[in-house]
Amino acid sequence: MNFTDLLTPVLFGQILLDGLSVSSIYILIALGFTLLFGIMRVVNFAHGEFAMLGGFALYCLWGQFKLPFIVAVPLAGLVVAAGSLVLEQTVFRFFYQKMFQSMIGLLGLSTVMMYSAMILWGEQERQIPPAFTDTLEFGASLFGENLLLPVDRLVMFGISLTTLAAFYLLIMHTRIGLAMRAAAEDVEVAEAMGIRTRVVYRQAFAVAIFMTAIAGALYGQIYFLSFQMGDQPLLKAFIVVILGGMGSIPGAALGGLILGMGEVFLSTLFGPSVSNFVSFGGVIAILICRPWGLLGKPE
Amino acid sequence: MMARTGGSPLLVIEGLSKTFGTLRAVQNLNLSVADGEILGIIGPNGAGKTTTVNLMAGAFKPTSGRVLFDGHDVTGFPPHRLAAQGLVRTFQSTTVYGTQTVRENCRRGAFLHLFPGFFPALVPTARARALRAEVETEIDRLLDWLGLAEFAESEARNLPYGVQKTLGMAIALAARPRLVMLDEPVAGMSAEETDHVRDTIKRIRGAGISAIVIDHNMRFISGLCDRVLVLHHGEELAIGTPGEVMAQPAVIEAYLGKGHAKAGRP
Amino acid sequence: MKPRSPPVLLLAGGLAGVLFLVLWPLAWRSDFILYIATLVLQFSIGACSLQLIIRTGHISLSHAAFAGIGGYASVLLVKSAGWPWHFALIGAILAPAAFAALIGPVLLRLSGKYFVLVTFLFGELMRFVATDWQGLTGGSNGIFEIPKPYPAMRDPLNYYWLSLGFSVVCVGLCVRIMRSEIGRAMDAMRESEKLTECAGVPAFRIKVLIFVIACGLAGVQGSLNAHMNNVITPGNFGPLESLNLVVMNVIGGMTNMGGALLGTVFLVALPELLRGYVEWQRVIYGVILIVVMAFLPGGLVELWGRLRGLVTGEAVRGTAVVTDET
Chain A
1 MNFTDLLTPV
11 LFGQILLDGL
21 SVSSIYILIA
31 LGFTLLFGIM
41 RVVNFAHGEF
51 AMLGGFALYC
61 LWGQFKLPFI
71 VAVPLAGLVV
81 AAGSLVLEQT
91 VFRFFYQKMF
101 QSMIGLLGLS
111 TVMMYSAMIL
121 WGEQERQIPP
131 AFTDTLEFGA
141 SLFGENLLLP
151 VDRLVMFGIS
161 LTTLAAFYLL
171 IMHTRIGLAM
181 RAAAEDVEVA
191 EAMGIRTRVV
201 YRQAFAVAIF
211 MTAIAGALYG
221 QIYFLSFQMG
231 DQPLLKAFIV
241 VILGGMGSIP
251 GAALGGLILG
261 MGEVFLSTLF
271 GPSVSNFVSF
281 GGVIAILICR
291 PWGLLGKPE
Chain B
1 MMARTGGSPL
11 LVIEGLSKTF
21 GTLRAVQNLN
31 LSVADGEILG
41 IIGPNGAGKT
51 TTVNLMAGAF
61 KPTSGRVLFD
71 GHDVTGFPPH
81 RLAAQGLVRT
91 FQSTTVYGTQ
101 TVRENCRRGA
111 FLHLFPGFFP
121 ALVPTARARA
131 LRAEVETEID
141 RLLDWLGLAE
151 FAESEARNLP
161 YGVQKTLGMA
171 IALAARPRLV
181 MLDEPVAGMS
191 AEETDHVRDT
201 IKRIRGAGIS
211 AIVIDHNMRF
221 ISGLCDRVLV
231 LHHGEELAIG
241 TPGEVMAQPA
251 VIEAYLGKGH
261 AKAGRP
Chain C
1 MKPRSPPVLL
11 LAGGLAGVLF
21 LVLWPLAWRS
31 DFILYIATLV
41 LQFSIGACSL
51 QLIIRTGHIS
61 LSHAAFAGIG
71 GYASVLLVKS
81 AGWPWHFALI
91 GAILAPAAFA
101 ALIGPVLLRL
111 SGKYFVLVTF
121 LFGELMRFVA
131 TDWQGLTGGS
141 NGIFEIPKPY
151 PAMRDPLNYY
161 WLSLGFSVVC
171 VGLCVRIMRS
181 EIGRAMDAMR
191 ESEKLTECAG
201 VPAFRIKVLI
211 FVIACGLAGV
221 QGSLNAHMNN
231 VITPGNFGPL
241 ESLNLVVMNV
251 IGGMTNMGGA
261 LLGTVFLVAL
271 PELLRGYVEW
281 QRVIYGVILI
291 VVMAFLPGGL
301 VELWGRLRGL
311 VTGEAVRGTA
321 VVTDET
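One line per chain: the protein sequences are A, B and C, in this order.
When you line the first sequence up against my numbering, it's residues 1 to 299, in that order.
When you line the second sequence up against my numbering, it's residues 1 to 266, in that order.
When you line the third sequence up against my numbering, it's residues 1 to 326, in that order.
Keep in mind that the hints were calculated from the coordinates and are not lab data.
Warning: the hint list may mix true and false statements.
No farther apart than 25 Å at their CA atoms in a straight line, the calculated lysine-lysine pairs in the DSS-like style are these [to be verified]: (1) C:Lys148 with A:Lys98; (2) A:Lys297 with C:Lys148; (3) C:Lys113 with C:Lys194; (4) B:Lys61 with C:Lys194; (5) C:Lys113 with A:Lys98; (6) A:Lys98 with A:Lys297; (7) C:Lys148 with C:Lys79; (8) C:Lys194 with A:Lys297.
All chains should be modelled from the sequences, with the hints used to inform the complete structure.
Right under this line is the structure:
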């Protein structure tokens with residue numbers, strides 16, 4: 001195989017664009033996962049199911065109630081986050097700071113949510129109708145050939161980027177964010193400084209689920225919607241977070257970028273199985289050599 | 001008190017050094033422990049005492065230097081191989097199996113004498129039964145000897161701190177070592193308990209087992225050891241009988257100094 | 001911990017139990033119950049061998065993947081290579097064991113929680129390989145029309161006896177290991193590895209050996225199961241299947257082979273009896289898992305202890321294996 005023939009500039013540009021939009025979704029999912037781990041020390045094996053809920057919420061709000069897409073996506077996130085506070089009260093809070101119990105207990109929660117969704121919404125796969133069908137074409141002067149950019153993808157990218165920016169502002173520039181960072185650093189010290197951890201936990205949980213649900217909504221629109229769709233987002237979150245370092249926020253960003261770009265690049269050039277295999281192999285290798293990830297702290 | 005240097009040395013350390021990054025934790029240490037000797041290692045916190053033990057006990061590998069035990073080079077041996085040679089240590093903390101009875105703790109210490117090899121262990125033979133019976137009597141003797149008999153069936157985590165420390169020693173002794181390394185055996189103990197431990201260690205020596213005792217309590221060390229090594233910044237500051245060492249001005253200045261008056265009061 | 005029960009009593013009880021298991025189908029034959037019982041016996045091998053790994057302090061979420069490797073090995077050796085089943089079974093033991101020997105020395109160096117994560121990913125990877133390597137594994141549809149080990153095994157009763165035989169041997173081996181000095185060393189190293197090593201226990205070597213043995217035993221389950229179902233699919237590989245094996249142990253308190261057997265009966269028989277309500281059954285399963293992990297991480301054994309504690313007024317401390325200290 002001759003790579004220089006395969007990898008034309010226009011293909012490269014296309015990979016970059018697709019990679020960015022995939023990465024942004026992965027980062028959103030992984031941020032929620034890493035937040036829950038970093039602050040509450042729970043490994044949220046039910047993470048994919050929250051993404052699934054986001055997908056179904058978008059299906060209702062946009063597909064059925066016909067709300068404007070730009071409103072429907074954040075609203076879907078809000079609805080799921082608000083609803084999930086019930087689970088925070090009834091399930092999650094018993095697993096805070098208990099990593100091992102949380103792994104198995106939340107795998108239990110994952111099956112509960114998955115099969116409840118099956119009972120509620122049935123087994124069939126659904127399609128969230130696309131929001132925009134136009135495609136932008138540009139870049140002919142630069143690459144000699146047009147780059148194709150579906151508006152759909154552009155809007156999704158915009159939404160996830162906005163959410164990421166909002167999250168950044170929240171974490172870095174608000175009191176809530178400060179408290180979360182303090183709790184992530186050392187819960188006991190944070191408590192001693194007068195931070196009410198129960199409140200911080202609940203806030204962090206809501207933020208994490210909000211981001212996950214938005215990502216899940218977008219994910220569900222790109223691929224498909226079904227009670228079983230949570231598998232993939234969970235795996236992605238897992239891989240991203242382990243790549244970047246469990247609990248590290250910049251690590252989730254870096255890991256998401258690496259995974260998104262790598263996946264698009266490899267699957268375009270070599271097919272999806274190679275890409276899957278490399279991402280799995282890479283993550284297992286990282287876990288073995290550097291279990292705390294690229295940007296995490298060794299214990 | 002005379003150092004018993006008559007027998008061949010059991011443990012010899014040659015030029016032992018360990019650096020962590022840029023920190024030189026132990027530098028060029030030379031030492032020998034004779035059969036039947038009790039050697040004290042003393043020094044202020046951060047002097048490299050525990051690092052020295054860890055180097056000798058196989059917890060980490062030295063940057064340079066050699067450790068010879070009974071004439072064999074055992075440098076960098078993992079702890080289980082050292083134990084098989086007869087060199088066993090205790091720990092400052094996590095010294096016992098909390099969820100088990102005192103007796104079971106000792107059985108776990110006696111692994112070397114119960115274990116016939118991986119696959120033979122799966123076949124229940126008369127020999128295995130005999131081994132178990134022998135170890136049980138050995139443990140009875142050990143518990144009697146250390147004054148733990150009354151606690152034999154109690155869970156270790158329910159025992160008072162001092163008894164747990166003694167049990168830590170019992171676990172080490174159950175391996176029937178030729179040399180035990182005791183890492184701060186009296187840390188946090190009352191004066192009475194300290195005296196008890198001192199007597200116990202003397203009796204251990206009486207049974208033909210050498211000991212290296214690490215502590216920063218000079219009174220305890222000097223009342224117990226044949227020789228004392230004073231560490232300071234990872235280097236040997238002085239070595240000799242407790243009397244000789246205490247007389248050296250460098251030791252008084254560096255370690256005993258003005259803190260001595262206070263250190264005496266717990 | 002209570003003192004070990006005397007071997008004679010254990011042996012007598014075990015023999016009586018096995019005798020009962022051999023004879024009951026002769027007195028009362030129900031093919032449905034027989035099918036469930038056969039499944040339970042097969043899974044008891046996976047659950048008990050997994051417990052060996054757990055008792056060294058590592059919770060593996062890829063044990064079903066190793067059973068799957070054994071299953072595929074056995075099926076391929078019989079169907080493609082034309083081996084008789086008893087030779088294929090040796091392959092079904094050696095293949096996962098060899099694989100475990102390859103990756104075990106690397107994985108077992110990880111601390112508890114990272115081991116869980118890696119094995120989880122490993123299970124996914126195995127399932128992915130099984131789906132993708134279509135030439136060998138038949139892809140996501142799996143391999144069909146797997147012959148029975150021997151023609152006589154078409155009778156479910158004979159297959160039941162075959163499974164019983166292997167279950168007795170494999171579970172017996174697990175029990176034997178745990179009751180030997182190796183078992184004592186394993187329990188000790190789970191509590192404090194450095195203390196155990198100082199007693200002369202080659203902890204790491206024992207961990208790897210146990211991992212290899214346990215994965216080899218899992219292959220027996222894989223083979224027996226595949227040849228009974230006539231079909232094997234990548235679904236047999238997934239982390240959820242592995243989780244199931246972990247949960248069988250969780251229910252039994254994780255440090256007790258009897259508990260693992262109890263958990264196996266519970267988790268295999270319950271779903272089969274509730275057939276037709278698959279969704280509800282999974283929901284109930286999940287709820288039980290949440291409740292047990294949140295309130296009773298020591299499983300039924302802890303529940304028993306607490307109930308007894310209520311009666312005797314004695315406070316019982318948790319003996320959970322699955323804690324953050326592991």
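Verification of the supplied hints:
1. C:Lys148 with A:Lys98: 46 Å, violated
2. A:Lys297 with C:Lys148: Measuring from Cα to Cα gives roughly 53 Å; hence the hint is violated.
3. C:Lys113 with C:Lys194: Between Lys113 (chain C) and Lys194 (chain C) the Cα gap is close to 18 Å, so the pair holds against 25 Å.
4. B:Lys61 with C:Lys194: 15 Å, holds
5. C:Lys113 with A:Lys98: 11 Å, holds
6. A:Lys98 with A:Lys297: Satisfied, since the Cα-Cα distance of roughly 19 Å is no more than 25 Å.
7. C:Lys148 with C:Lys79: 11 Å, holds
8. C:Lys194 with A:Lys297: Holds, because 24 Å separates the two Cα atoms, which is no more than 25 Å.
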